[in-house]
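Protein chains in written order, with numbering that gives the first Met the number 0: chain D, 0 to 643; chain U, 0 to 98.
FYI, nobody ran anything at the bench for these hints, they're computed from the structure. Please note that the accuracy of each hint is not assured.
As the list claims (entries may be wrong) - Computed footprint of chain D on chain U; a stretch qualifies when at least three of its residues, placed anywhere within it, have a C-beta under 8 Å from a C-beta of chain D:
(1) 7-21
(2) 84-96
Stated by the list, open to error - Take a look, some chain U residues computed to stay more than 10 Å from chain D by CB distance:
(3) ARG24
(4) ALA40
(5) PHE44
(6) ALA48
(7) VAL72
(8) VAL79
Claimed, not checked - Beta-carbon label-pair distances, calculated as ranges:
(9) LEU603(D) x ASN25(U): 37 to 45 Å
(10) VAL65(U) x ALA602(D): 45 to 53 Å
(11) ALA602(D) x VAL15(U): 43 to 51 Å
(12) ARG613(D) x THR2(U): 39 to 47 Å
(13) VAL635(D) x VAL15(U): 16 to 24 Å
(14) LEU603(D) x VAL15(U): 39 to 47 Å
(15) LEU603(D) x ALA76(U): 40 to 48 Å
(16) ILE27(U) x ARG612(D): 24 to 32 Å
(17) VAL63(U) x GLY629(D): 46 to 54 Å
(18) TYR622(D) x ALA76(U): 19 to 27 Å
(19) LEU21(U) x ARG613(D): 16 to 24 Å
Here the structure is a predicted model, which means the values were calculated and not measured. Even for Gly, the Cβ is constructed at its ideal location relative to N, Cα and C.
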Amino acid sequence: MSALTTLDVRAVEPVATAGGVYAWTFLLIAFPALGALVLLLGGRRTDRIGHVVGTLASLASFVVAALLFVDMLGRAAEDRAVNQPLFDWLPAAGLQVSVGLLLDPLSMAFVLLITGVGTLIHVYSIGYMQHDPRRRRFFGYLNLFVAAMLLLVLADDYLVLYVGWEGVGLASYLLIGFWQHKNSAAVAAKKAFVVNRVGDMGMTLAVMAMFAVFGTTAFSGVLGGADQVSEGWLTVIGLLLLLAACGKSAQFPLQSWLLDAMEGPTPVSALIHAATMVTAGVYLIVRSGAIYAGAPLAQTAVVVVGTITLVMGAIIGCAKDDIKRVLAGSTMSQIGYMVLAAGLGPAGYAFAIFHLLTHGFFKANLFLGAGSVMHAMDDEVDMRRYGGLRRYLPLTFLTFAAGYLAIIGVPPFAGFWSKDRIIEAAFADNLLVGTCALLGAGITAFYMTRLMLMTWFSERRWKPDVHAHESPLVMTLPLLALGLLSLVGGAAMLWTAGGIVEWLEPVVGEEEHALPFPVWVLTAATLVVIVAGVALAWMRYGREQVARTAPTRVSFATTAARRDLYGDAVNEVALMRPGQRLTGSLVYADSRGLDRAVNGVAALMGGSSGLLRRVQTGFVRSYALSMLGGTVLVVVALLSVRLS
Amino acid sequence: MGTTPYLVLSALLFTVGAVGVLLRRNAIVVFMCIELMLNAANLAFVTFARLHGGLDGQVIAFFVMVVAAAEVVVGLAVIVAIFRTRRSASVDDASLLRY
Numbered sequence: 000m001s002a003l004t005t006l007d008v009r010a011v012e013p014v015a016t017a018g019g020v021y022a023w024t025f026l027l028i029a030f031p032a033l034g035a036l037v038l039l040l041g042g043r044r045t046d047r048i049g050h051v052v053g054t055l056a057s058l059a060s061f062v063v064a065a066l067l068f069v070d071m072l073g074r075a076a077e078d079r080a081v082n083q084p085l086f087d088w089l090p091a092a093g094l095q096v097s098v099g100l101l102l103d104p105l106s107m108a109f110v111l112l113i114t115g116v117g118t119l120i121h122v123y124s125i126g127y128m129q130h131d132p133r134r135r136r137f138f139g140y141l142n143l144f145v146a147a148m149l150l151l152v153l154a155d156d157y158l159v160l161y162v163g164w165e166g167v168g169l170a171s172y173l174l175i176g177f178w179q180h181k182n183s184a185a186v187a188a189k190k191a192f193v194v195n196r197v198g199d200m201g202m203t204l205a206v207m208a209m210f211a212v213f214g215t216t217a218f219s220g221v222l223g224g225a226d227q228v229s230e231g232w233l234t235v236i237g238l239l240l241l242l243a244a245c246g247k248s249a250q251f252p253l254q255s256w257l258l259d260a261m262e263g264p265t266p267v268s269a270l271i272h273a274a275t276m277v278t279a280g281v282y283l284i285v286r287s288g289a290i291y292a293g294a295p296l297a298q299t300a301v302v303v304v305g306t307i308t309l310v311m312g313a314i315i316g317c318a319k320d321d322i323k324r325v326l327a328g329s330t331m332s333q334i335g336y337m338v339l340a341a342g343l344g345p346a347g348y349a350f351a352i353f354h355l356l357t358h359g360f361f362k363a364n365l366f367l368g369a370g371s372v373m374h375a376m377d378d379e380v381d382m383r384r385y386g387g388l389r390r391y392l393p394l395t396f397l398t399f400a401a402g403y404l405a406i407i408g409v410p411p412f413a414g415f416w417s418k419d420r421i422i423e424a425a426f427a428d429n430l431l432v433g434t435c436a437l438l439g440a441g442i443t444a445f446y447m448t449r450l451m452l453m454t455w456f457s458e459r460r461w462k463p464d465v466h467a468h469e470s471p472l473v474m475t476l477p478l479l480a481l482g483l484l485s486l487v488g489g490a491a492m493l494w495t496a497g498g499i500v501e502w503l504e505p506v507v508g509e510e511e512h513a514l515p516f517p518v519w520v521l522t523a524a525t526l527v528v529i530v531a532g533v534a535l536a537w538m539r540y541g542r543e544q545v546a547r548t549a550p551t552r553v554s555f556a557t558t559a560a561r562r563d564l565y566g567d568a569v570n571e572v573a574l575m576r577p578g579q580r581l582t583g584s585l586v587y588a589d590s591r592g593l594d595r596a597v598n599g600v601a602a603l604m605g606g607s608s609g610l611l612r613r614v615q616t617g618f619v620r621s622y623a624l625s626m627l628g629g630t631v632l633v634v635v636a637l638l639s640v641r642l643s
Numbered sequence: 000m001g002t003t004p005y006l007v008l009s010a011l012l013f014t015v016g017a018v019g020v021l022l023r024r025n026a027i028v029v030f031m032c033i034e035l036m037l038n039a040a041n042l043a044f045v046t047f048a049r050l051h052g053g054l055d056g057q058v059i060a061f062f063v064m065v066v067a068a069a070e071v072v073v074g075l076a077v078i079v080a081i082f083r084t085r086r087s088a089s090v091d092d093a094s095l096l097r098y
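Using the sequences provided together with the hints, build the complete structure.
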């Protein structure tokens, strides 16, 4: 151990201490945290200004982020990482934890996404939650969510990151269960929390393992010293971090909470799926690149998990009729792409983050668009009761179409650039993984086209008393902004200012991948697969009429996909039932064994004391007699000792 | 003259006192029997002091007398108070403090 703690711990990259505009780094977290504090402690007095305060707090954070970004762009690549130490948290001997913020190109990308998309979602929520009597509380939770996520990506220590990690879990619980009067929402919130706890356990153990091995939990110490630690330990830590990432990012086998999380208000879904929460796992893996570099086994596990999830999510998305659940399945699938890329090491880290950012744009766009549709359709979520909406919600349709083209990867929309890179990197790594990624793109095209056709085209299948109308400006403006980002965001990030790969290179490194065939072949193949998916969906849902109720006589595959590929059933059989049985037997042992022993001893004491107290007769003379008897006894005893 | 008669007298007095405490019901009589026992003990102390030619026994006898006087004050007051409320001085009647 001592040999390890005296390692030559060098920083991952040259880190400057915060000065100039970087002294404002803490404001990024402070603004939304303050907003949450005011709104949640202020009570009803802040009801009327709640949405303004919440949105301004998020906007202020975004402005600071933009200023910092501009300054960072002007710096040379090697001194873009800035550290702002805040205070000593645990100054104990042997365990030094100090809270500090690390702003480098990687966290900068996240900060911009979180505050930017987060602010748009705040603005949208003003309209979406207008008639909700608890709107102020909603904005308080949103601010809490943003603040926790910012702490997560800005921390320079795994223990501090863990605080944000848990804060995100708490905020998601509060928001998923925001309409707590609905039993399903309360249950979904609980489920999300419990499943996340399983992942958090991995995080806890990983932090403990880091402390045991490295003697510190700071990024500089852990990531800088990773190359001097045995592969076994790195594999253990890597797998534990993967478990943690699976929980937050809804990766197989901890994916089941994400689909139920649709019970929350739609802006929450957008926030969880685009800007915060599910991206945390990808961030964790990319940030811990130095650990995975020395643990090929853990890296393979990451790739496998990502590949399984991307196919699973896509299949689930094909069978759902609930518009939000289709999008949730697609989130699972897209995050699967990111995790897959993150598992490829330096060859894929930049593309994982790239796809994460573009996904943030178009998924927020799609979710907010879905919210706008629900707003128009009296909160109907069943796509079989939509149809022909493009004439009634033209603005939403336009932006939704941009998001749709982006997610299926049509050039020049954002998703094309990022997804294509990931598929390339996957093929360079392994033919099977690459094929799965390619297949996933086709399935994505299929279910997203299905969603488009069922919602916007085809004939009206509305419920009788629905009057569809376009949403107010406060909701469509964020949609327009996100639609624009879905259109140009990918190309802009790839081609301006050296591009995202070069931007992230100082943090995550870069590695050329060698394809066994020319790149244009693969791009063409991807486009062919996408077109095939679109065509299949059109034949199935565009040419033929869509049934108003879901057909019941369907193939086994459809049934399985409708039931989330039996994820809940597996959890129930493998975990819940045995857990219940264990609890039952423990309760039995407790009530029959322990309780009886304890109660028996108590009864014995009670009974014997009940007998003994009969001695207290209340008659003075009998007390006197017993005193005399005692005295005589003592005297006799003394005498017998003396005489013998 | 030896000390034996004094000690015998002391023992007799103590026995009378003890038997009185155990057998009599009237609180006043019980009280007097207690005094009898105390004084029997005093007699023994003084006898032994005389036997050993020291003053220790004498001093302790004085202490006993003082404490007995104080005890009489408190004890009689208690007995009078009980008699006032219960119209009885029998020690067997005052047996409320029991299980």
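Against the structure, the hints come out as follows:
1. 7-21: holds (count 3)
2. 84-96: holds (count 6)
3. ARG24: Violated: least Cβ distance 8 Å, not greater than 10 Å.
4. ALA40: Fine: 13 Å to the nearest Cβ keeps ALA40(U) off the interface.
5. PHE44: holds, 17 Å
6. ALA48: holds, 22 Å
7. VAL72: With a cut-off of 10 Å, VAL72(U) remains clear of chain D, as the shortest Cβ separation is near 20 Å.
8. VAL79: Check passes; 17 Å lies beyond 10 Å.
9. LEU603(D) x ASN25(U): 37 to 45 Å: holds, 43 Å
10. VAL65(U) x ALA602(D): 45 to 53 Å: holds, 51 Å
11. ALA602(D) x VAL15(U): 43 to 51 Å: holds, 48 Å
12. ARG613(D) x THR2(U): 39 to 47 Å: The hinted range 39 to 47 Å holds for ARG613(D) and THR2(U), with Cβ atoms some 46 Å apart.
13. VAL635(D) x VAL15(U): 16 to 24 Å: holds, 21 Å
14. LEU603(D) x VAL15(U): 39 to 47 Å: holds, 46 Å
15. LEU603(D) x ALA76(U): 40 to 48 Å: With a Cβ separation near 44 Å, LEU603(D) and ALA76(U) satisfy 40 to 48 Å, so the hint holds.
16. ILE27(U) x ARG612(D): 24 to 32 Å: Holds, at about 31 Å.
17. VAL63(U) x GLY629(D): 46 to 54 Å: violated, 21 Å
18. TYR622(D) x ALA76(U): 19 to 27 Å: holds, 21 Å
19. LEU21(U) x ARG613(D): 16 to 24 Å: Given range 16 to 24 Å: holds, Cβ gap about 21 Å.
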